Each structure stands twice: as structure tokens, then as C-alpha cells.
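Novice: Each chain, written out:
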Amino acid sequence: MTLSVSDVKRIADLAYIEISDNEAKEALGQLSGIFDLIETMQAVDTSTVEPMSHAQNVLQRLRDDEVTETDQHELYQSIAPQVEADLYLVPQVIE
Amino acid sequence: MQWEIVIGLEVHAQLSTQSKIFSGASTAYGAPPNTQACVIDLALPGVLPVLNKGAVERAIRFGLSVGAKINSPSIFARKNYFYPDLPKGYQISQYELPVVQGGSIQIQMDGADKNIRLTRAHLEEDAGKSLHEDFHGMSGIDLNRAGTPLLEIVSEPDMRSSAEAVAYAKTLHALVRWIGICDGNMQEGSFRCDANVSVRPRGTEKLGTRCEIKNLNSFRFLEKAIDYEARRQIEILEDGGAIRQETRLYDASKDETRTMRTKEDANDYRYFPDPDLLPLEIPASWIDQVRSALPELPQVRRDRYMSEFALSAYDASVLTSSRETADYFESTIRQLPAQEKLCANWIMGEISGQLNKEGLEISACPITPSQLATLLKRISDGTISGKAAKTVFESMWNGELEKNVDAIIAAKGLKQISDDSAIEKLVDQVLAANAQQVTDYRNGKEKAFNSLVGQIMKATHGKANPAQVNVILKKKLEG
Amino acid sequence: MFNASLKQLSTQLAEKKFSSTELTTQFLQRIKQLNPEYNAFITVNEEMSLAQAKAADKMIAAGQAGPLTGIPIAQKDIFCAKGWLTTCGSRMLSNFISPYDAGVIERFNQAGAINIGKTNMDEFAMGSSNETSYYGMVKNPWDIAAVPGGSSGGAACAVAARLAPAATGTDTGGSIRQPAALCGISGIKPTYGLVSRYGMIAFASSLDQGGPMAKSAEDLALLLNVMTGFDPRDSTSLQRDAENYSQDLQKPLAGLRIGLPKEYFAEGMSQDVANAIEKTLIEYRKLGAQTVEVSLPNAPLSIPVYYVLAPAEASSNLSRFDGVRYGYRASSYSDLADMYRKTRAQGFGAEVKRRILIGTYVLSHGYYDAYYIKAQKLRRLIAQDFIAAYKQCDIIMGPTAPTVAFNLGEKSGDPIQMYLSDIYTSAANLTGMPAMSIPIGFGDKNRPIGLHIMGNYFKEAQMLNIAHQYQLVTDWHLKSPV
Chain V
1 MTLSVSDVKR IADLAYIEIS DNEAKEALGQ LSGIFDLIET MQAVDTSTVE
51 PMSHAQNVLQ RLRDDEVTET DQHELYQSIA PQVEADLYLV PQVIE
Chain P
1 MQWEIVIGLE VHAQLSTQSK IFSGASTAYG APPNTQACVI DLALPGVLPV
51 LNKGAVERAI RFGLSVGAKI NSPSIFARKN YFYPDLPKGY QISQYELPVV
101 QGGSIQIQMD GADKNIRLTR AHLEEDAGKS LHEDFHGMSG IDLNRAGTPL
151 LEIVSEPDMR SSAEAVAYAK TLHALVRWIG ICDGNMQEGS FRCDANVSVR
201 PRGTEKLGTR CEIKNLNSFR FLEKAIDYEA RRQIEILEDG GAIRQETRLY
251 DASKDETRTM RTKEDANDYR YFPDPDLLPL EIPASWIDQV RSALPELPQV
301 RRDRYMSEFA LSAYDASVLT SSRETADYFE STIRQLPAQE KLCANWIMGE
351 ISGQLNKEGL EISACPITPS QLATLLKRIS DGTISGKAAK TVFESMWNGE
401 LEKNVDAIIA AKGLKQISDD SAIEKLVDQV LAANAQQVTD YRNGKEKAFN
451 SLVGQIMKAT HGKANPAQVN VILKKKLEG
Chain E
1 MFNASLKQLS TQLAEKKFSS TELTTQFLQR IKQLNPEYNA FITVNEEMSL
51 AQAKAADKMI AAGQAGPLTG IPIAQKDIFC AKGWLTTCGS RMLSNFISPY
101 DAGVIERFNQ AGAINIGKTN MDEFAMGSSN ETSYYGMVKN PWDIAAVPGG
151 SSGGAACAVA ARLAPAATGT DTGGSIRQPA ALCGISGIKP TYGLVSRYGM
201 IAFASSLDQG GPMAKSAEDL ALLLNVMTGF DPRDSTSLQR DAENYSQDLQ
251 KPLAGLRIGL PKEYFAEGMS QDVANAIEKT LIEYRKLGAQ TVEVSLPNAP
301 LSIPVYYVLA PAEASSNLSR FDGVRYGYRA SSYSDLADMY RKTRAQGFGA
351 EVKRRILIGT YVLSHGYYDA YYIKAQKLRR LIAQDFIAAY KQCDIIMGPT
401 APTVAFNLGE KSGDPIQMYL SDIYTSAANL TGMPAMSIPI GFGDKNRPIG
451 LHIMGNYFKE AQMLNIAHQY QLVTDWHLKS PV
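Residue numbers (full-length UniProt numbering), protein chains in the order written: chain V, 1 to 95; chain P, 1 to 479; chain E, 1 to 482.
In short, the hints are calculated from the structure, not lab data.
Computed list of lysine-lysine pairs in DSBU-like fashion (alpha-carbon distance at most 35 Å, straight line):
1) E:K82 <-> P:K79
2) P:K447 <-> P:K341
3) E:K342 <-> V:K25
Computed from a prediction, not measured in an experiment: that's the story for all the values here.
Generate coordinates for the entire structure from the input sequences, incorporating the hints supplied.
Specialist: Below is the structure:
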């Protein structure tokens, strides 16, 4: 597998992380090495193996449909970057 | 060229739980901003989701009511994208194994039934809201809605006109309310439609390139958006162009759709199973329990009204348009057996007209089924005429005389003259006074009969039982 | 006082040799004196710690004390603690005062333990040397030129340097065990699902597990008794009967079958580590154990599998850090997307960004099956290897890390070399099985060496017994650098 600088920039874009051309070039070298390591997985035949998503073979537990939370927006918004009229402010959202 | 429109709908129904799908915060609509967003809804570092049993139960209810398969296990997956109203940067949804798979919904088009197949219905969480009022060039985010449970119901591309799409959406809307899983309030966004629209030359199989139209929050917009979009696509194709797969937004003020994002800049959502949530297993015993608690479904009731009460398909459909209407009808006929058609006419006529006029739901109808039954009984036993009944109805609606039917009839002197000998006496008097018209009638002037009936009714201030008047008059004239 | 075991401290508190307030004050003073050199703590809050100590003294006076009442515990800065700055070692959370308590913090609070401070760590627990912290590197108290290991490097340093009697850590690929080994202390990662993850800032949800770090196995058992238990707020928390992890400590080891995976003893282990392991196995044979060779054929793939799954989950878990509701927000930006991109570019350090990129890539369209699903399938094969091995042995032993602590800066430019530090430890996270590290001596440059003890699901009590029996006949765990 060969990664390119444009791949790195595309991934960074998907991950919403600003990356300069130089950073992308530097990252490319490191990521290529890491993916070489990752590629060693392909040596094992896993065609008959079920994927394992969880460490335990346990099923989802369900919560009763009850309101247990109270309004604490003042506490929660005390740590927000920018709040006005009890709303979290962000640069204009354009749809 | 003849074009065929192909439509599939994706409907997001907010489930009527008390608390959110993954947190214990309230889902009540209309609270002040961010007062119903707890640490989980805000996606604070370290918080985790735990699934609401009520949301799962409602999904099962829906699956059973459309004859779908309930998947067990089903899997929750993360749909990754960034948006300020999506606090975690991913939406917990279902991807590969949705809770509900398949099923179908029957719609009525021009008196015929049509089956619309469902692909799936899956559980997911709603996002918050971005408020675009200008806060010095910024937007405000309210996360009260974030985490509200949604059932996304996806249809197959089985609809061929905007009318069919609207019929499907309305049937689905009625169904989710009928089975009590969603309040269906479209103004509040409890029931939202996205439409996938494509066109193809009539008679061909291959589906055309589709566009998805987002967030159609009324049946009217749904219809207009599909019509506009189909026209747009047909024009492009007829001009030799090609349709670009994209997501479009319907602008109601201009009655047009416009590009929101193209396939090229569409998100790569990077779905993967949510490691914070385990496989959801739904035991057969739970499914059985939900099934036994399910109300008789609208389709079943409609068919029963047609076979058992000989109502027309139209009447049966209208009466089963909501569970409240159907229940109202059934409680009325329980007290007035064998008068189903009369009940149907009154509920679809006077009651629904009056409710519409005052903007009321049938659950808020000032006249109870038993009061209506009493009124209709007085028509069927000949105490009052149908016309007089309307006067009584109006008085009852306005709450006069404690809505007591007989008291109103007495007070207004609306009782019919149904005594044969009294009517005969009246007929004799009128015939004697109108010899010319009697002669005219006997000479074949049919119109004279109506004039004589009019005279008799006038003489009794409309109180004579018209059916009896007809029979007796005819007997006398021809006898 | 600084070298005392938890049991000794508890007894002395009960006997009024000193109060919790005095004990807490002593540790706070020691932190004040030594932390500038080690940088083990990100946050110390004397006022809050002493308020807890005062409350603990009341509990003790009222005869309501439990085994940890009044004892200071250093909390890894990954656990949200109400009113405390909780940074996760990141600029992204450099202003985050948590409005709520993690499940683990609640349990310690209920037990009357004192939060003595929040320990330094690799940013978002991503690292094996504590060099990725926004708050600067932590020094290994045995040799300040060396790394303390990571990601729970601050915790390991704090316990080793006796800045705290015990600490909490979290372990996603070795983050409790590797720094415990490199700092010469004991640490255990319990079976996945025993310790609540609620309020423990997620790195890789299906691998993360909290656990205690302390001087001895005996202390670890007391800490586990408090830390473990069902938490309804964590869907992956296990509902099972409470266990007393101290009860089996005294059991003799006669007949114990120790499995030695041939894959772990093949290559890559440095000579000093190999020698220490050999000496330790001799000690265990003296205690009545026997050794058997076992095979874990897929275990060598743990690192590639881990470096697909952990970054994939992390890339999604870290999407919530967007500068909208809390935490760092870039100071200047042109629009919404730019605000996100700059906030995340500035708020995250290089290693975190690197892992987000790896994770985003392996989940992206067209690569999901080749990487993510492939890794999950190998994860199952690795788990099956261990299950098979535990039919031939009771416990598996090997080195915790391939070498003693490396020098600060030695591997920070080479991510792959850094990742290989977890070569022996990450399998236990993939399987969800418990694993621990205990000190067994010193190697090159007189730096500590750790023994890795791995067990089958829920074998913590037996593993602690095995560790404790060794610590009864050796004194490596009593050695202190200061």
C-alpha cells in the first residue's frame, strides 16, 4: 500500500484537522511506516473468522424510560468557550 | 418520451419516550435552550450511552405493525461527521443490522390498494438545533433535541407519483400515531420526510440517478417538492443532460429544490460498530408481549368495517384515519347497533366539519359518542327528522340544556308528526284546498306531487315525517 | 509514612498515630518539594484534598472508616473529577473543569479516600513514554534521564517516588503495566468490564480499562476492592458478584502451572530483561510452581491489530473535541469549518493527530474491510490463542516490556519504535483478559524491570496471589529511588 500526500490531506480533511503541506509530508513518512507494520496482518487467512468487536460476549443492557436528569445548563455552560442567551455560539452555520 | 417518476421515502419519526435514547434527560418539546441537555447529550469527555428500553419497545411495535422481521441481535453503529448540533462528532445509528427489517405498508390510491415495501427501520439519535438568528454573525446551538430517539423508516422506491408518496406518508403518519410510538406533530418536527426522487423512461427497468430532497416537513411540501424535482430532472434529461446524484433542499418560499451537497463532497461517514454499545438482543418472549399489547391495526379495522358493516372503502378509510376517530365511531355504534352507515355519515359529516371549523381533534370533541348515539337514535326511531337533528346537534355542540337530546327536542318543538291518522287528516285538508294540483297530478304532471308535499310540510312547520307524508299522499292520490 | 503499605497507613490512621489531614499534608508537602523535578502531577489542589481529609477524619472518628478511608490516592488526569481541572494531558482540555465525577472517582470518594492530585499522562493516553503530554514530560525517578513509561507515567512516577501511597491508571495497550515496569512498581489491568469507564475519558472504548498502581500486590488488591463493581451508566460494565481480591493472597503456589509463550521468548527481549525473568522463574519454581511452554501463534500480530483498532475507535471518540461546548477553541478563524480545523490542529498534539489520521483512514470508504474488519478477525484469533493456552497453564508470564526504560527523547521521533514498547502488553487489551506487572529487579543503567503476569478472564485474585507470594520472598517492590 502506498499513501500519497494528497491521501494524507484528504484524511486530515475528513478528521477536521488543519494540516500544512509540510506537516502532510512529514506525516506521510510516519504513516507509511505504520501502515507497513499494519500490512503484516494480511499474511494471516481470516476468511472463516468472525470479527470481534467487544472484549466480552455480553449483550446490551436496557435502561428504563425514565427522566433522571435535571436542568444544570448553568454549570455545564460555565466551561463553554462562548455562550449567549443560553445557546452555545459558533461561527455562522450555513446550510 | 413518457417519463416515470420513482420515489422512495425516508421518514424520521421521533419516538414518544419520556427520556432520550441514550440518557435520562427529558424529551419534552419546547423547553428553554439547553435545559434538557445532560452531560451525555453534551458529549462531555468520558460519558457513555445506555439504551432506552422504551425506544426499543416502540421500534418492535412498529416492526410488528408492518409485518417486518425484528432482528436479534441488532447492532448500533457510529456515523461520523462534524456538525455543531452533533455533539459527539458522530451520530449513534444502526447500519448493518437494523432493529426492523422489511415489512410493507398498504396505501389506497383511487380506490385501489397498493403495497409499498419497506427496506428497514432503525433506531438512532436526533441532533440538536442550530438557530440562525444573528448573534453578531454567529449561530446559536440548542442541544435539547440532541439524543431524542428517532426511528428512521426507509421505503423501497415503490412510489410512482407525488400523490402516492403523500398517500404513503399519510398512511405511515397515521400508523405511527395509531400504535402510539410518535405524536406525529410535523410542526414540531416529530415526523420528517426525505424523498429520493428519480425518473426513467416509462417501460424501462433501470433506475435513474436519484436526488435526495431533505427535510420536507409537511405533506404539501412533500408533494410540491417531488413535483418540482421530477420536472427538473425530466427537463434536464430531455435537454440531453445528465442528473447529478446529490442532496437537495426544498425551498418552500420559491417552490423549488436547490443543491445542498453533491455526491463528490458527500461525507465519508466511516460507519463502524459503536464499541460503547453491545449487541441488542430482543428475546422472542418480548416480541410476543409487544404483539399481544398491539391495538387492532388500521388496515385490519378498515377491512372489518367494510365486511362487517358494509361501509364503502372510502368511509372505512376515513373512519380509520386515526385511532381516535375509529374508537369514537366504535363507541357510538356500540350504543346504536345496525346504524353504522348513519353513524359514519354523521361522524364524517357534522362532527368532522365542526371539528375542522374549530380546529379541534376528535379527542376534544364536545359531543361524546353516547350523546351522538342518543341523537341518532332519535332519527332512526322517527322522533325527529334528519334536518331537525342538525338543529339539535348545533345546540348540543353549544352546550345547551346539558346536551340532553330529548330536552332540546322538546324545548325547540322539533318532534316529528309520525302519527298516521294525524298525517292523513292533514293530507285530506291539503288535497281539498288544492283541487287543481290534484287534477294536474292525475293528468301526469309529476311536479304537482312535490308541490303538494311542500304544502303539507308548510302546514306542519316541517314537523311531519316526510317519509310517511309521501306514502300517504301517494295512496290518496292514486287510490 | 512514605514507604508504608496501605494496610499500615490504615492501621496507623485507626490508631490515631496521625490524622488523614496530617497524612495528606505530608504528601502534599512532598509533592510540592519533588514534583518540580519529576512533573508527575498536572494538578494539585491542596484545598480540595484537605477538605476531603477533614471529612475522612470525621469518618474515622465516627468509626465508619473503610480500608482506604483517609488515604491519599493520586488520580490519573483521565478521570473526570468534579471541580477539578481534568486535562487528559491535552491542550484541548487545558481549561476543562469537570462538572461531574467519573464512576471510579465516586467509588474512591465513597470509600473516604483522598484525591491527592491529578497525574500527568501521555496526551489522551496515547503514548508509551509520557512525552506526548501537553504538560511536559515526566521523569523516571530511578534515573531522570529515562522515561517513566506511559501513558500512566505520572501515576507510576508518583508511586515510585513516594509522592502518593497509590494511584489510578488506565490501560488501553499497556498504559498501566509498562510504566509500572519502567518505574519499578506494581500495577494491574483488570478484566475488561470490571472497572467502570464512565467518566474515564475514552481513548479506545473496547480496549480501555482502569486499574490501580501501587507498591505491592497486596495494595493492588485493596484498591481493586474499591475500584471494581457494576456501573449502570456504562453499557460494557459487567454485572457480577463483588469479589474480595485480598482473600486469596496467602494461598500457596504449589502446583501452579506457569505458561511461557515461546513467541515472547523468541527475540526482541534484551539480555538484562531475559536474565531477570529467568531469576524470577527460579524463584517461582522454589515456591512450588512449574513452567510449561505454550504457544500464542497470533500474538505477534497484536501490535498491528492494536494500531488499527485503537486509532479507529480513538478517531471517533476524539471527534467531540471541537471547541463548541467546552475545552480549547482556536482564537482566530475565518468560518465554522476553519474554527473546527484550527481548534483541532492546535488543541491536539502530534501523536494524537497521527492516531486520528490512522484511525480515520482505516475506517474510510474502501479500507474498512481490509483494515478494520481484518483486525477484528485477528483480534478473535488472538483471544482464541490465549483461551487455548489457558487449557495448558494457569497463568502466563513474560516480560512486561522488552527493555528497561529508554532515555527521554530516544524514541520520540520514531513512532514505530515507540509502538513496539507495547509488544507484550497490548494482547491483554485485545482479549479483555487481566494482566499485571510487578518489579523483579534492575537491568541496564540500574533501571527497573517488570514481570508480566497474564491470566484468563476474572483471574485477578489468583494473579494477585501469585504476585504477593513472590513479594513475600523478595523485596524489589520495597525499593525506592528516593
